[in-house]
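There are 2 protein chains.
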Amino acid sequence: MSTNPTTIKAEAGTPFVEVTRDFDATPAQLFRVQTDPDLVAQWLGPRNLEMRVEEYDVRPGGRYRYIHRDPDGAEYAFRGVFHSVEPETRVIQTFEWEGAPGEVCLERATYEKTDTGVRLHTQSVFPSVEARDAAVQSGMEYGIRDAMDRLAELLAGDRS
Amino acid sequence: MSTNPTTIKAEAGTPFVEVTRDFDATPAQLFRVQTDPDLVAQWLGPRNLEMRVEEYDVRPGGRYRYIHRDPDGAEYAFRGVFHSVEPETRVIQTFEWEGAPGEVCLERATYEKTDTGVRLHTQSVFPSVEARDAAVQSGMEYGIRDAMDRLAELLAGDRS
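Listed in order, the protein sequences are those of chains A and B. Per numbering that gives the first Met the number 0, residue 0 is the first one in the first sequence, and the count goes up by one each step. Per numbering that gives the first Met the number 0, residue 0 is the first one in the second sequence, and the count goes up by one each step.
In isolation and in its complexed conformation, chain A is listed as follows (with noise of 0.2 angstroms):
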């Protein structure tokens, strides 16, 4: 559907993800529909999942909390802090899904400036390979595609 897909790397035996995805805006544009709130509500995580944002502090040692709900009304919440905010260049965090207690990822987000747009990396860090596999496992990459997708609608609709 996609004419500019999300590339997803999760090498064997490691226990990283990399995710990058090229989108038709601005540095400041992508930092600020992945910062402010109300925005994030609107692209992160699947479409057929409800989003609530609790909280979404993003500053050095902010906290975060979201809960997706699905249609049969199970909810998954998770939440983390942020390390390191440099806005349009960098943003690392930790990531939680409360599921799984104590499986602490970290994440991190760096913009590049490309001849058309502005590139997003991001860089998930799981605390063993079988952590990384199992989420692999449980339907992230469809997740990440997803939100990655509603990412780039959401952009296209801002600069209309």
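Any given hint could be a false lead.
[To be verified] To give an idea of the interface, some chain B residues facing chain A are shown, with a C-beta separation under 10 angstroms as derived from the structure:
{"#": "1", "residue": "G61"}
{"#": "2", "residue": "T93"}
{"#": "3", "residue": "E95"}
{"#": "4", "residue": "P100"}
{"#": "5", "residue": "C104"}
{"#": "6", "residue": "S127"}
[Said to hold, decoys possible] Reference listing, derived: stretches of chain A covered by chain B, where coverage requires no fewer than 3 residues with Cβ under 8 angstroms from a Cβ of chain B:
{"#": "7", "region": "52-62"}
{"#": "8", "region": "91-101"}
{"#": "9", "region": "118-126"}
Derived from the structure by calculation, the hints contain no laboratory data. For each residue, glycine too, the CB sits at the ideal point set by N, CA and C.
Following the hints, complete the assembly by docking chain B onto the known chain A.
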């Protein structure tokens, strides 16, 4: 020198470092020396470095920063945020040496009560195998052993 050595595991080809050490102390005593800034300054790092704790705010979202100073006056600053703090059980935090900005580790310390005291297990996850290898090659192991021995000495003094 120590009859109760520190075990350090850094498996080749992984971004992990795991440290295990038994202490003749209670989980409460260990948690105190690991979280009270005045006590942290007395053990966290090799003996030959001066230690200055600028901030050590042990709560979810709390920040920390400390500086090591070598005999020649060179300073090395480290910083991070606490993701979760479960007293006497588990602490998860980020860790960054300011000399390599953006190369952030995730650290998890867990406390396990044993017949004779408490076992501390820490896991550090680096953002790449290369970053982990560079840290190990820079003398990380020496610093860890020194710190764990100093921690044991501090706990021994704490009991007297």
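So which of those numbered hints doesn't the model satisfy? none
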